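Put together the whole structure using the sequences plus the hints.
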Amino acid sequence: MIKPLKISSLGFCRALFIFLLIMFLYNADSQAVSTHFFTQSSSAGFDQGKKNLVSLVNDGITLSPNLNLIKGMEEPYVWCLTTDKYDNVYIGTGDPGSVYKLSPTGDLTLLHKFQELYVQSLAVSSTGYIFVGTSPQGVIYKITPWREVIMVCDLPDSYVWRLKFDGADRLYAATGPEGRIYRISENGEVTVFYDSPQSHVLDMTIDKENNLYACSEPDGLIYKLTPDGKAFVIYDAEEGEIHCLSIDSAGDLYAGTASGAHPQLPVTPPAPPTIPPLEPLLSTETIQLKETDPLQQEFQPVPRPPSGPALKPPYQPPPYTGAMKVTNVVYKIMPDGIIKKVLVVKDGLILALYTDEDNNTYAGTGNKAELYKIDKDENVITLLETEESQVLSLTSTRQRGLFFGTGNEGNLYELSRTYAEKGNFESSVLDANIHSSWGNISWDADVPEGTAITIATRTGNSEKPDNTWSEWSAGRASGEKIESPTARFVQYRATLSAALSNAIPLLKSVSLAYLPQNQPPEITSLTVDQEHALKPGKKVQYGDRHMPPKQADIRGTAGENVSGKPPEARKTPSPGTKSIQWQAADPNGDNMSFTLYYKGVKERTWKFLQKETEKSSYLWQTTRVPDGEYLVKLVATDSPDNPPEVALSTEEITQAFIVDNTRPKITNLTVSASRHKRASVEGLVADELSNISKLQYSVDAGDWIGIFPEDKIFDAREESFRFTVEGLAPGEHTIVINTADEEGNIGSGKVLVEISD
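The sequence shown begins at 0 in numbering that gives the first Met the number 0 and counts up one residue at a time.
Some hints could be false.
To be verified - Quick list of the computed label-pair ranges, beta carbon to beta carbon:
1. S102 / E448: 33 to 41 Å
2. S40 / D346: 18 to 26 Å
3. S461 / N209: 30 to 38 Å
4. R603 / W471: 32 to 40 Å
5. E650 / S461: 26 to 34 Å
6. P103 / G187: 25 to 33 Å
7. H675 / D702: 53 to 61 Å
8. S40 / K229: 24 to 32 Å
9. D335 / G400: 28 to 36 Å
10. K463 / T604: 25 to 33 Å
11. K463 / T34: 20 to 28 Å
12. T104 / L499: 20 to 28 Å
Derived by calculation from the structure, the hints in this document are not laboratory data.
Owing to the predicted nature of the structure, the values given are computational and were not obtained by experimental measurement.
Don't be surprised by glycine CBs; every beta carbon is placed ideally from N, CA and C.
This is the structure in structure tokens:
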């Protein structure tokens, strides 16, 4: 049996005292170390880094799905993608406008290269015909299953932004710059289905009831149009451009914004002054109308006039180029009217949306080409980032998965259902603000068997990494010391790998320890009686030479105003005191203490005024020292937070200032009376050290009246004065003269005058 341990009350007190002492010493030491940490975790913390074959999920970073490049296209933009019921993928490109077919087995075939610059939209009918919307001439073509090309119609609009079939196999075309939606019937008739007040209708999607949803610019409106053409605005976004739409099986509508761009195509040579006839635009080798074409009778080509009509609206400057300093979003609009922001993209555009059969919605962005996945529970995953500028188009097939097309450069990628074997995440540049040494790097991660995570670092002293930075270190395991050189800036690169595709690692958080090099405190302001004392050599200036200055108007040299407010006027000094004030900051954030010294200008030894105070002001009683010129020295140290061998200090010395506690003297006073009830007074006022700053007189204890010196300006230690008193009654009068120097010392004198009857 284990007996309980008995401790006497005295023993308990001793133990408690020792414990508290240890904790005190530990805390004091830990504060002195001042170790700092960079910590990044979750999708928000990792958002600013560069991703290569890694995905950003809610819990952190993991390997992305494999990315397969489909080779064989040379155009700079993959504008649109669509599929048919056989899992063929159709690709619309520019410049020039071309249509490709990618078979389920991966064979890429060029179906047709148009003389139009861009194939902007594609749609496949239930009978397998491919409809092609082109720009900038607004011509719609169809490609038959046997690869014949027929012009369906030549619209009066420049841009055919989107083609879409509804459940009844009726074709709709969204256009610009007049904001029209056209319906093209089975017999080939083209009618305006809806003429919106917007400039561009940029995208469309259709629900199970054949209601059409359309998005627009410049007012950011989303329309719902019933099959009979009745329009209703379901959302007016704060952004000016709703660029793309998709809808899931539950009827939830997703809308992506692209404010900060203009819905126009890249710069290309302008269109010719006339629209040429049909024949030169199409290849005579491929356009051969056959009687067996099942749609030949349904869609009669709209012939172009033999002579060129007036030009369509001209090309505009390009969108989607350069850095975007705007925020765009994906809205989720539910059937009950609830609207949510499910994705927010800073400094980018939402350029493509696609919702798959599992109600996962994918969003492509520019000008940083990233691909996001929004699942049905509204969780957001950053699937990948590519080197191209934009993700412009999205689609998927049952057999192979998701495809996306890019711009600048124009490529087609397949997102595989298996994961990449290796990927890396490069953090944003981390700024320690001060030259620092590095400690350990550690992380929290799930690392299944057969997977691994290592992290390398590099450092430098320029904000943007360049060839002056150190090389990447070797990959370190969690908890190992960083071997990169001391510097101000640091980056880390996490490499994730997996030998088997059925298990992948997850990096949840990264912590990097660093110790900033200790920096001395900085004294930013040191004043004596509110006169800035860090910039010697400036003379005291006074007010208007033509007006007698008030005491409150007398100022010292203006110093830096840390608070950003205008410097205040110097207050009237209190005789026998000097108000010393200072401001200081420590770059490391350490606590500081201050020591004040003084000495006469001609002395060599500093004397203490105040030792190791944490305050920022001191009132010096100067009556204990003789009059004369003095200096004050302030020493600031970070010793409260650092051991003696590490603590640093800095000091500042004021410019010379006067200590003057002696009153000015009034001498040579004379008075003369006249028969006109008038008395004239003159005299001399002088001070040993300070300039005279005020003169005033009072008759028979009446109100004080200010006067000028004879030279009309207070600028010397000796001033002569003369004044006349009017309206004196007969009899004796006492005239008192009062004077003050710059230090607030007051002197006085008086004269008696007899006014006769």
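Tested hints:
Evaluation of the 33 to 41 Å hint for S102 and E448 yields a pass: the beta carbon distance comes to about 38 Å. The hinted range of 18 to 26 Å is satisfied by S40 and D346, whose Cβ atoms lie roughly 22 Å apart. Checking the proposed 30 to 38 Å range against S461 and N209 shows it is violated: the Cβ atoms sit about 59 Å from each other. Judged by the Cβ atoms, the range 32 to 40 Å given for R603 and W471 is violated: they are separated by roughly 56 Å.
For the pair E650 and S461, the beta carbons lie near 32 Å from each other, so the given range of 26 to 34 Å is met. Distance hint check: the CB atoms of P103 and G187 are about 32 Å apart, consistent with the given range 25 to 33 Å. The hinted window of 53 to 61 Å between H675 and D702 is violated, with their beta carbons roughly 22 Å apart. Checking the proposed 24 to 32 Å range against S40 and K229 shows it is violated: the Cβ atoms sit about 50 Å from each other.
Between D335 and G400 the beta carbons are some 32 Å apart, a value that agrees with the proposed interval 28 to 36 Å. The supplied range of 25 to 33 Å is broken by K463 and T604, whose beta-carbon atoms lie about 52 Å from each other. A beta carbon spacing of about 27 Å between K463 and T34 agrees with the range 20 to 28 Å that was offered as a hint. With their beta carbons about 27 Å apart, T104 and L499 fall inside the hinted range of 20 to 28 Å.
The structure fails to meet hints 3, 4, 7, 8 and 10 from the earlier list, while all remaining hints are met.
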